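Residue numbers (my numbering), protein chains in the order written: chain A, 2 to 805; chain S, 3 to 163; chain R, 462 to 750.
Take the hints with a grain of salt, since some may be wrong.
[Unchecked claim] A few chain R residues that face chain A, going by a derived Cβ cut-off under 8 Å, partial list only:
no. : residue
1   : LYS463
2   : GLN550
3   : LEU618
4   : THR619
5   : LEU720
6   : ILE723
7   : HIS724
8   : ALA725
9   : ALA727
10  : TYR729
Note that these hints are calculated values from the structure, not bench results. None of the values given here were measured: they were computed from a predicted structure. Quick reminder that beta carbons are idealized off the backbone N, C-alpha and C, glycines included.
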Amino acid sequence: MAVDIPKSFAGLPATETKWVGRGVNRVEDPGLLTGRTEFVDNLVKPGMVHCAILRSPYAHARVISIDASKAEQLPGVVAVVSGEDARRWSNPAQTMPEGWGCYCLVVDKARFVGEPVAAVAAVNRYVAEDALELIDVEYEPLPVVAEAAAAAEAGGPLIFEDKPSNVMYQRVFNWGDVDAALARADHVFSESFRWHRLGANPMETFGVIAEWNPVDQSAVFQGSFQSQSHMGLGRAAVLGLPSHKVKMISQPHGGSFGGKGGFRGCDIAVLLSRKCGGRPVKYIEDRMEYLLAGASQAWDRHYQASLAVDNDGKVLALDVKLLDDLGATAEGFGAVSAAKPLAAFTGPYAIEVARYDLTLVATNKLPASPYRGMGPPPHNFVIEQLMDIAARELGLDAAEIRRRNYIPPEAFPYTIASGNEYDSGRYEAALDKVLEMSDYAGLRAEQARAREQGRYLGIGIASTIEPGVFDWNAYAIVGLPSTGVPEGVSVGIDILGKIYVKVGFSLEGQGQYTLACQLLADYFGVDISDIAVVYQDSHSAPPHFGPGGSRLGVAMTGAILGAAQLLKEKLIAMAAALMQTDAANLRMLDGMIGIEGVPEAQMHSAQVAATMLARSDLLPPGMDPNPECTYVWTAPGRTPADEEGRAKSYLTAANACHVVCVEVDPDTAMVEILSYYIADDCGTRLNPATVEGMTQGGVAQGVGAALLEEYVYDEEGQLLTSTFMDYLLPTINEVPMTQKAALVTPSPFTPLGAKGVGEGAIHTTPAAIMCAINDALAPLGVRAREVPASPNRLWKLMQEAKAG
Amino acid sequence: MTMQQVVKVTVNGVSYERNVEVRLTLADFLRVELGLTGTHVGCEHGVCGACTVLMNGRSVRSCLMLAVQADGAEIMTVEGLADDGRLHPIQQAFMEEHGLQCGFCTPGFLMAVYELLGSNPDPSDEEIRESLGGQICRCTGYQSIMRSVKSAAAKLAGARV
Amino acid sequence: MKAPVFEYAAPQSVEEALSLLGACQGESKIIAGGQSLMPLLNMRLARPDLLVDIGRIAGLDYIRDADGGLAIGAMTRQSDIERSALVAQRQPMLAAGTRFIAHPQIRNRGTIGGSISHADPAAVYPALAVALDMQIEVAGPAGHRSVDAADFFITYLTTALEPDEILVELRLPGFPPRAGWSFKEVSRRHGDFALAGVAATMEVDSSGVCSFARIVLFGVAAVPLRVEAAEQLLLGSKVEQSLFEEAGAMTSDTLDEPLSDIHASADYRRHLAGVLTRRALAEAAGRAA
C-alpha cells in the first residue's frame, strides 16, 4: 500500500489542527514534576546488588597483578571481576575506526586515568566502595602520550602496540581544486584555532541494572539508554551473544545530549551478574566517574584553516586542517564527530570548493564521545572566525560579508561542496530579521561610544546550518557503511476506542511523547488525553533508533503519520464492508468515517475499530481483526557516500543567525553577555514551545562552551577537572535570556515540512560569542583563537597586546 | 559513639523511624530507606542542586548532610507538593511555561522555588537568579524556568486574594 | 561517591565534645554545617575515625550585641548572618560578604565557625575575620583561649586550632560609624570560590586624608593576606584615584608567589589583586563619611 506522508498540516485528515503546531502542555510533565517518573536509580529488583568500579590512577600503565582476596572476604561483597573475567566472557569493544578498542576491564595495560581495572558487587554502594579499597593492584607506569601533536609523531610510545603509530585515521578530502582557488583568490586568510575538550554532562549520569540469565545464556539491561537498539547490538558483539539474547529496556532518563554513554558500565555490570549467578547488578555512575571516565568528553581539536576571498568579499574556497585528539581508544564514537561536518562543511555559504585534511590521533586521555551537535560547533566556530577576519581585513561589516556569500533562496535544493544537499532556507531573511530585532545599527553606535570611553564592547554575528535527521552515510568516511536510519512505530485503537502508539524510545527531555500525542489527536480527532504512548523494549518495538542527530521529531512524525494512514485505510476498508459501500466512497475527517455527500452515513473510527475486535463475523474476507498498523519511516532520497565521502546525508538543513553583544572588562578580562538575539528557521514548528526550549538550552550549552567548560589534563594524563567545582556548567547567572524570532520555511522533503532542531543553538552560540569577543578586542589588534575564552586566557592575550 | 543510629524524621507530614549507618547521606536515606525517589542525586558534592529538599523550612542539599544530622527534623520533598495528584501552583506553572525538559533537576528547582516564594512572594529577576544560582539545569537554558517562577508567584498571589 | 566508615557522636555540650575529641585515638573531625566536609567525605578524601557533630550543642547559634560589637556563635548559619538586622547595622561588610558565599542552599547549612575552621584560602569568612579583627574564641581541654584572626590562619586548610579544640564564638568590634568598606571578588561564575578577592576598610578624616586603612586579599595565597605596605601608603595621604591606583600597583608588587591553578595563573591573580584593591579602595573611600 502506498504511503503518502503529508508535507503540511493541510494534508492531515482534520478540519483544523488543534494540537500539532501549538505549544501544548507536555504529557511527560506531571510525572516529572511530582517525582514519580522512574529513572533507573529508582528501581529495586529482588536480590539486586550494587556495583562499584576500581579505576586506573595512571594514564598509561601495565597491570602486573591484581589481588582481590581481601575484598572478596569483606562482609556484604558478592562478587569481584577483573580483566581475567572480561577476557573469558567478552570481546574487545568494536570501534570506528576499526581495531582501536579494548576489553571493558583492563587485561594488559590501562590506557587512560579512570579506565576500569576491577569491579565489585555488594549489598549496597557504600560497601562496594569499601571493597574497592581492599583490592591490591600492582602497576608498572609507562610513558604517557598526553598531547595530540606528540601522538602524531613517529617514534613515541604506542598506545596500541599492534599499530604502527598512534594515528587512528588520516585522509585529505578535496572537493574541487582548492590549491587553484587559493592561488587565484585576491586574499587568503589563514589562522590556527584550538577547541578544548568539553562534553555533555546530563544532570543524570549513566545507570543500568544488568541481569545475566545463566539458564539460557542471555542478558537483560535496564537503564538510561539514548538508543536502546544501537546499545543492544554493541552489547551483543562484546558479550559474544546473538542479538536475540540481549534485551535492552530503556528507562526515562535525565538528559543525554549524545553523552550518556554506558557501554563499559553495561558490560561490567553483566559480568558481575554472571559471576554471582545471575543476580541483578545495579551500576549508577557517579559524577566524578562520569567526568573522569564516562561519555563526558568531546571535541579536542587543533585547527589550521584558510579562507580564499576575493576583493568584493566573495569566498572562493575553505581549507580546513583538523587534528582531533580522540583519546585512548575509539570506543566512544568520537570519530563520528569529525565526520559530521561533511553534512554542512561550508555552512550557509555558497563556497564551491573545499578541502578537509583530517587526522585522528590516540592519546592517553579519556576516549572521546559524542556531544550535542556532534562535531560542527567547533567547525562553525572556525568558519565564522575566518569570515570575521576576512571582513575586518577587507573593511566590510560582519553582516555584509555574510550577506554576500549566503546560498540564495532560489538555489535550493542546493548541493554543497562536501556532497550533502540542503533542502531549503532563507538565510538573508534570517540575517535581516535578527539585525532588525537587535537594532544592529544602534548596537554599533553604542559600541562606538563605548570604545571612546575605553570600554571593550563587541558584537558577534554568526550564521550556521543545523543538519537535521542524521543518516549513517554521513559517517561513511570513518567506517559506517549503512544508508538510512529506520524509525518505526505501531498505532492502534483499543476495543473501547482509545488510541495508542508503541515506540522504541523512552523519555529523554525533548517532549517526543507529547509530539506523538499531538499528531494522533489531530489525525483521529480526539483529545490529547485520549492517547497513550507505550514504550517498547528493544525486542518488542519495530526497527528504531530513537533520539539523536536532530532526527526524532521528523522521523517519528513520518512513522506515526505513516502508521496512522495505514490504520485509516484499514478502518475505511472495514467501514466500507459495514456500510456496504466501496472504500473509494469513504473518507475519514476528524475521526469520523463517512460517505462523502451523505452526512448521516458516518461511523466514528473508534467504533469501526471496536467492531473489528468484537465482531469477527463482520470482517470483510481476508482482513485480520487487528486495528493496529506499523510503519517504519526512513529519510527518502539518501545516497551511499562516494569515494570522496560525498552523500545526501542529513535530510534537513535548519538555519540560524545569532547576534550577541558582549563586554570584556579591560582590567579583569571577564566577559559579560549584554544582549542576545536569535532568528532561526527549522521549517514547520510541530511544538513551538519545545523548539524554543531546544534553542535556549543550546544557547546555555553554547555559553558554557565559549566561556566556561573545559576538561584539563596535565602532562601525566591526569584530569584536573574531575568535579563540578572545576568543570564549570553555566547557571542561571551566566546564561542570557534571549530574544528570539522564528522564520518558517517548510522543508519540501519531510513530514509536515519540519526540520531537525534538537541540537539547537549549540551550533551557533559558541561561534557568535567568540566573534563578539574578537570584535571587542579588535582595537587591541589581538584575536582569541582558543575556546573556551576563559578570563585567564583573555587576560594573557590582552597583556600581550599591551606589551606590543 | 556509634556506627549505626536510629533516625526519626517527618517527611511530608509522615513520621518515619529507621536504624541506619551513620555515614548514610540524607539523600540516600530518603531514596533508599524511605523509597522517596523523587529527590534526585546529580553530583554528590553539593554543586548541582538536584537533591535539594527543605529541612525545617529551609532548602538544603540532601547529599551534603548525613541522615543522622536530620534526626528530629521536618523534611519536605517534591513528593510533598502535589495534593492527591493535583499539582501545586509551582508545579502547574512549570508545566505551563515549559520550565523543564528531562526533568531530572526539576525536583531541586521546585524546592528552591518553594522556599523563595514562601519568603518573597514577588521576587525580582535578580532575586530569582540569586536563589536559583546553585541549581543547575542542563536542558532548558533557564529562560523558561525564569518565566515559570514568575508565573508561580502570580498563581500563588491569586490564590491568596 | 559514598563516605567511608566512621564512628559518629553528637554531643550535647561543648564539654562532652571536648572529651570525645580528647579520648579519640585516631583522627577526629568536627562537623558543623558540613558544606565543605561532606564533599570530602563523599569523595573519601577525608577519612576520620570519629566524626563529632557539634550541631546538637545548644547555645552555639546566636548573634548578640557585645559591647557595641558582635558576638556570633560558631554554629550560626551563614544565611542567618546574611539576614540579621544586627549584623547589617554593626558590620555591614560581614552581611555583604556573606552573599558571596556559594548559594542560598549552602548558606542555609554552612556556619561561620565551620568556614573559619576549614580555612579555605579562597573563602569569604577567613578574609573577613582578618579584615574585621575578629577574635576567635576557642574551647579546649585546658579551658578557653582567644586567638586574634591575624594569628589564626597558618596555611592552606590549617589553623591555630589543635585537634582537641573547638571554635565556639567569633567576636567582632563594631564597625566605626564613619568608616567605609568594600568587598570585591572575581570568580568564574557567580557563587564560585574567588580567583581573587579583597576586603577593604578605610577611614577618611574631614580634610580628605586617610586615617585608617585595612586591605585583606583572599584567594591569592595560602591564607588571607593583609597588604600592609599599601595600607601604609594610604595612611596620611589624600584619598584620590591616583592613590588607589598606586596602592593597587603596590598590592600586585607585594605578592611574590600567588596561587596558580587551572582557572587563574599566578600572574593573573597578581594582576587581579591589584585591580580589585584599586576598585575596592575607591568604593570604600566613597562610603567613608
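A quick look at each hint next to the structure:
1. At about 4 Å, the closest approach between the beta carbon of LYS463 of chain R and any beta carbon in chain A falls short of 8 Å, and the interface hint on this residue holds.
2. Against a cut-off of 8 Å between C-beta atoms, the interface hint on GLN550 of chain R is violated, since the closest Cβ of chain A lies about 29 Å away.
3. Below 8 Å, beta-carbon pairs count as interface contacts, and LEU618 of chain R has none with chain A, the closest being about 15 Å; its hint is therefore violated.
4. A least Cβ separation of about 20 Å between THR619 of chain R and chain A goes past the 8 Å threshold, and the interface hint is therefore violated.
5. Against a cut-off of 8 Å between C-beta atoms, the interface hint on LEU720 of chain R is violated, since the closest Cβ of chain A lies about 13 Å away.
6. The interface hint given for ILE723 of chain R is met, as the beta carbon of that residue sits about 5 Å from the closest beta carbon of chain A, less than 8 Å.
7. At a threshold of 8 Å, the smallest CB-CB gap from HIS724 of chain R to chain A is about 6 Å, leaving the interface hint in force.
8. The interface hint given for ALA725 of chain R is met, as the beta carbon of that residue sits about 5 Å from the closest beta carbon of chain A, less than 8 Å.
9. A least Cβ separation of about 11 Å between ALA727 of chain R and chain A goes past the 8 Å threshold, and the interface hint is therefore violated.
10. Hint status for TYR729 of chain R relative to chain A: holds, with the closest Cβ pair at about 5 Å, below 8 Å.
Checked against the numbered hints given earlier, this structure breaks hints 2, 3, 4, 5 and 9; the rest are met.
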